[in-house]
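Undergrad: Assemble the whole structure, with the sequences as input and the hints as a guide.
There are 2 protein chains.
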Amino acid sequence: MNNFDFHNPTHIVFGKDRIFDLSSLVPAAAKVLILVGGASAEKTGTLAEVRQALGARAHRTFSGIEPNPSFETARKAIEMVREEGFDFLLAVGGGSVIDATKFIAAAVPFEGDAWDILLKRGSNITQAVSFGVVLTLPATGSEMNNGAVITRHDIGAKLPFRSRHLFPLFSILDPTKTYTLPVSQLANGVVDAFVHTIEQYLTYPVNAPLQDRFAEGLLQTLVDIGPRLLAATEPNYDDRASLMWAATLALNGLIGAGVPQDWATHMIGHELTAQYNIDHARTLAIVLPAMLQERRVQKHDKLLQYSQRVWGIHEGSEDQRITAAIHATRDFFERLGLPTHLGAYDLGQEAIDLTIRQLETHGMTRLGEHGEVTPAVSRRVLVAAL
Amino acid sequence: MNNFDFHNPTHIVFGKDRIFDLSSLVPAAAKVLILVGGASAEKTGTLAEVRQALGARAHRTFSGIEPNPSFETARKAIEMVREEGFDFLLAVGGGSVIDATKFIAAAVPFEGDAWDILLKRGSNITQAVSFGVVLTLPATGSEMNNGAVITRHDIGAKLPFRSRHLFPLFSILDPTKTYTLPVSQLANGVVDAFVHTIEQYLTYPVNAPLQDRFAEGLLQTLVDIGPRLLAATEPNYDDRASLMWAATLALNGLIGAGVPQDWATHMIGHELTAQYNIDHARTLAIVLPAMLQERRVQKHDKLLQYSQRVWGIHEGSEDQRITAAIHATRDFFERLGLPTHLGAYDLGQEAIDLTIRQLETHGMTRLGEHGEVTPAVSRRVLVAAL
Numbered sequence: 000m001n002n003f004d005f006h007n008p009t010h011i012v013f014g015k016d017r018i019f020d021l022s023s024l025v026p027a028a029a030k031v032l033i034l035v036g037g038a039s040a041e042k043t044g045t046l047a048e049v050r051q052a053l054g055a056r057a058h059r060t061f062s063g064i065e066p067n068p069s070f071e072t073a074r075k076a077i078e079m080v081r082e083e084g085f086d087f088l089l090a091v092g093g094g095s096v097i098d099a100t101k102f103i104a105a106a107v108p109f110e111g112d113a114w115d116i117l118l119k120r121g122s123n124i125t126q127a128v129s130f131g132v133v134l135t136l137p138a139t140g141s142e143m144n145n146g147a148v149i150t151r152h153d154i155g156a157k158l159p160f161r162s163r164h165l166f167p168l169f170s171i172l173d174p175t176k177t178y179t180l181p182v183s184q185l186a187n188g189v190v191d192a193f194v195h196t197i198e199q200y201l202t203y204p205v206n207a208p209l210q211d212r213f214a215e216g217l218l219q220t221l222v223d224i225g226p227r228l229l230a231a232t233e234p235n236y237d238d239r240a241s242l243m244w245a246a247t248l249a250l251n252g253l254i255g256a257g258v259p260q261d262w263a264t265h266m267i268g269h270e271l272t273a274q275y276n277i278d279h280a281r282t283l284a285i286v287l288p289a290m291l292q293e294r295r296v297q298k299h300d301k302l303l304q305y306s307q308r309v310w311g312i313h314e315g316s317e318d319q320r321i322t323a324a325i326h327a328t329r330d331f332f333e334r335l336g337l338p339t340h341l342g343a344y345d346l347g348q349e350a351i352d353l354t355i356r357q358l359e360t361h362g363m364t365r366l367g368e369h370g371e372v373t374p375a376v377s378r379r380v381l382v383a384a385l
Numbered sequence: 000m001n002n003f004d005f006h007n008p009t010h011i012v013f014g015k016d017r018i019f020d021l022s023s024l025v026p027a028a029a030k031v032l033i034l035v036g037g038a039s040a041e042k043t044g045t046l047a048e049v050r051q052a053l054g055a056r057a058h059r060t061f062s063g064i065e066p067n068p069s070f071e072t073a074r075k076a077i078e079m080v081r082e083e084g085f086d087f088l089l090a091v092g093g094g095s096v097i098d099a100t101k102f103i104a105a106a107v108p109f110e111g112d113a114w115d116i117l118l119k120r121g122s123n124i125t126q127a128v129s130f131g132v133v134l135t136l137p138a139t140g141s142e143m144n145n146g147a148v149i150t151r152h153d154i155g156a157k158l159p160f161r162s163r164h165l166f167p168l169f170s171i172l173d174p175t176k177t178y179t180l181p182v183s184q185l186a187n188g189v190v191d192a193f194v195h196t197i198e199q200y201l202t203y204p205v206n207a208p209l210q211d212r213f214a215e216g217l218l219q220t221l222v223d224i225g226p227r228l229l230a231a232t233e234p235n236y237d238d239r240a241s242l243m244w245a246a247t248l249a250l251n252g253l254i255g256a257g258v259p260q261d262w263a264t265h266m267i268g269h270e271l272t273a274q275y276n277i278d279h280a281r282t283l284a285i286v287l288p289a290m291l292q293e294r295r296v297q298k299h300d301k302l303l304q305y306s307q308r309v310w311g312i313h314e315g316s317e318d319q320r321i322t323a324a325i326h327a328t329r330d331f332f333e334r335l336g337l338p339t340h341l342g343a344y345d346l347g348q349e350a351i352d353l354t355i356r357q358l359e360t361h362g363m364t365r366l367g368e369h370g371e372v373t374p375a376v377s378r379r380v381l382v383a384a385l
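Protein chains in written order, with numbering that gives the first Met the number 0: chain A, 0 to 385; chain B, 0 to 385.
Worth flagging that the hints you see were computed from the coordinates, not collected in a lab.
Check each hint, because a few of them may be wrong.
[Stated by the list, open to error] Okay, derived cross-link-like pairs now, DSSO-like style, lysine-lysine, Cα gap no bigger than 30 Å in a straight line:
#1 A:30 to A:42
#2 A:15 to A:30
#3 B:75 to B:119
#4 B:42 to B:15
#5 B:301 to A:15
#6 B:15 to A:301
[As the list claims (entries may be wrong)] Simulated coverage check for chain B against chain A, where a stretch passes if three residues somewhere in it have a Cβ under 8 Å from a Cβ of chain A:
#7 3–9
#8 240–247
[Unchecked claim] For the chain B half of the interface with chain A, some residues (derived, Cβ under 7 Å), not all of them:
#9 14
#10 206
#11 209
#12 212
#13 220
#14 237
Virtual Cβ for every residue (Gly too), placed ideally from N, Cα, C.
TA: Given below as structure tokens:
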């Protein structure tokens with residue numbers, strides 16, 4: 000096991016009807032800016048519940064944070080917070096709203112050009128406005144970590160940043176808030192959590208059995224509940240709860256503590272989203288199976304373990320079992336309705352050329368747990384995913 | 000899945016040579032009281048490392064905290080902190096030293112009789128002195144939770160308490176610090192972590208697959224590493240690291256979030272320790288197998304799952320598989336050198352009578368996940384463990 004630090008102070012408030020806990024969770028004297036995406040938080044009644052729980056606290060709502068939240072939109076909110084003196088931010092939504100809120104929280108007290116936060120990956124953040132979360136879309140895990148990703152459209156960049164100042168003070172996870180989600184977003188959530196787990200698990204062994212078992216537990220659970228979530232005619236509370244908790248645990252620092260991490264699939268996926276506006280999870284579904292095939296020699300030992308423990312594959316040669324596990328992964332994504340080829344989005348060789356150029360522009364030239372995923376390797380992965 | 004809160008702000012600092020991080024972890028202006036058990040922290044050189052890392056900070060050492068730390072000893076430390084104005088406590092040791100430190104941290108600013116903290120199980124704690132941990136003995140998980148247990152000898156009581164003010168600020172977990180432990184303490188640590196996990200897992204199903212998988216991962220890992228830890232002629236770093244991290248994760252609130260909990264075995268075990276000074280883990284090894292046998296009807300579904308997933312038992316009728324799992328549990332403890340019968344400690348019917356009286360005195364009359372473990376049930380468990 001490698002040395003590690005684990006420090007995650009976010010208070011998780013999980014379950015039915017927990018939104019009303021906002022009345023005690025938000026500081027009593029806070030002046031609150033509520034941040035939301037589109038109209039759904041208003042339509043579903045969630046915003047009304049939030050406002051009721053905030054009681055006498057001064058508050059306003061900033062809406063319009065888009066999927067893959069943009070620097071441009073965040074800038075408007077930053078200005079609003081500064082001008083009107085909000086001292087508490089409340090993200091009501093999914094990963095996009097939370098990520099934007101993190102950026103806004105860091106940028107409000109930041110001196111200089113806020114884009115520098117992204118160029119320095121957050122290492123220059125020294126303080127942030129306090130913020131909390133009401134999660135309505137389980138997927139990214141942003142509700143219990145200190146990282147975020149922001150997109151800048153004028154230069155086609157989607158860049159990650161993190162800071163110890165950016166853990167939510169609390170996150171309210173009410174599984175019933177997922178009941179109004181379209182099936183495609185549930186499927187995206189399953190795949191997003193699945194690939195987050197894979198990026199921290201499917202590398203090389205370092206004798207860290209607990210991290211492996213926890214990761215495998217997440218993967219097994221997602222494999223179990225994914226198809227059920229899509230097939231259910233009525234929402235099943237426990238499956239929604241398992242998805243919500245799985246997505247959170249997949250990226251709260253726990254399963255990645257003390258083990259190597261990969262993240263090459265994510266970095267390539269980010270470029271596809273930035274250029275072609277493909278949902279984050281859908282880019283992962285395209286890249287991961289091809290990545291595992293490309294890296295099957297370097298990932299041999301963990302692929303075998305994955306094959307056996309997650310997919311229950313015990314028959315055949317080692318190579319056959321690895322092939323079967325990669326096939327099972329691809330098939331899982333496809334069954335959830337997420338295509339695993341660029342062709343499904345009408346993308347071809349030109350898209351690959353552009354993606355590779357963008358990876359180079361963003362310094363993403365030594366990706367993966369060994370730093371061996373060079374642009375040439377990324378290109379082979381994308382060609383295999385055509 | 001049941002509603003839950005999960006909030007654990009302790010910063011874990013894990014790995015080789017991390018004691019030197021104390022220089023940045025302890026507040027620079029702190030006046031530090033170091034708390035230790037016997038002479039081993041001095042003899043092994045750990046205290047010298049601690050003092051070196053504290054640098055110019057004023058500090059003194061309070062030694063003599065016994066296993067199953069006593070109210071009487073803690074009182075001496077409380078007086079010393081008050082008189083000399085220490086504002087930071089540093090526990091260097093295992094669960095006993097950490098538990099005593101938590102009690103001292105709460106009692107120093109407490110007005111009135113400190114014993115009231117235990118009578119109210121900590122609900123009357125409103126503040127505490129800040130404290131950190133250097134863990135040298137993995138077992139209780141106290142390094143990453145807000146609970147503790149204190150023994151009062153004059154009335155033969157061993158009582159638990161907890162408070163949100165009692166999370167360690169940080170805990171340094173260096174697996175090499177376990178290298179000087181006797182084998183019996185390693186075995187105790189394995190069993191302690193194992194039973195902590197069981198108390199949060201082996202109840203009844205509530206459709207919480209992640210909590211189940213994580214608990215099973217802990218149990219499987221302990222089953223794997225336990226015999227290896229005892230058989231090794233030289234300490235194996237990774238196995239020590241896995242034990243240390245397992246003991247922490249077994250009781251940091253995560254696997255118990257959103258699921259029923261039992262703890263009857265612990266409450267009965269505490270009485271055995273208070274009366275007969277048997278190591279905590281050793282009392283658990285006596286009580287648990289008999290408890291599982293006694294409660295096999297109520298725990299039927301989870302016992303079957305435990306049988307299959309932890310022990311790999313797939314053959315036989317349901318009853319046979321459950322019997323085999325209970326047998327495997329007993330055998331595991333015995334192989335680690337922990338007897339599973341009262342007779343091994345020369346205890347008989349009189350000890351049972353006294354233990355039941357003490358349970359009644361301490362209000363432990365409706366134990367277990369259903370509150371069905373009455374004194375009569377506890378008596379049957381102990382008789383079966385004769």
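Undergrad: Checking hints one by one. Is residue 237 of chain B an interface residue toward chain A, by the C-beta closer than 7 Å rule?
TA: holds, 4 Å
Undergrad: Does the CB of residue 209 of chain B sit less than 7 Å away from some CB of chain A?
TA: holds, 5 Å
Undergrad: Assess, step by step, whether the Cα of residue 15 of chain A is no farther than 30 Å from the Cα of residue 30 of chain A, and give holds or violated.
TA: Roughly 26 Å separates the two Cα atoms, so the pair holds.
Undergrad: Please verify that hint: residue 212 of chain B, Cβ, nearest Cβ of chain A, below 7 Å or not.
TA: Nearest chain A Cβ about 3 Å off; hint holds.
Undergrad: Under the criterion of a CB-CB separation shorter than 7 Å, is residue 206 of chain B in contact with chain A as hinted?
TA: Check passed: Cβ of residue 206 of chain B comes within 4 Å of chain A, closer than 7 Å.
Undergrad: Against chain A, is residue 220 of chain B within 7 Å by beta-carbon distance?
TA: holds, 5 Å
Undergrad: Quickly compare the C-alpha distance for residue 15 of chain B and residue 301 of chain A to 30 Å and report which way the hint goes.
TA: holds, 25 Å
Undergrad: Please check whether the region 240–247 of chain B has three or more residues whose CB lies within less than 8 Å of a CB on chain A.
TA: holds (count 4)
Undergrad: Verify this for me: three or more residues of the region 3–9 of chain B with a beta carbon less than 8 Å from a beta carbon of chain A.
TA: The restraint on the region 3–9 of chain B holds, since 7 of its residues have a Cβ under 8 Å from chain A and three suffice.
Undergrad: Tell me if the straight-line CA distance from residue 301 of chain B to residue 15 of chain A falls inside 30 Å.
TA: holds, 25 Å
Undergrad: Take a quick look at whether residue 75 of chain B and residue 119 of chain B sit within 30 Å of each other, Cα to Cα.
TA: holds, 22 Å
Undergrad: Would you mind confirming whether the straight-line C-alpha gap from residue 30 of chain A to residue 42 of chain A stays at or under 30 Å?
TA: holds, 24 Å
The structure fails none of the hints (numbered hints given earlier).
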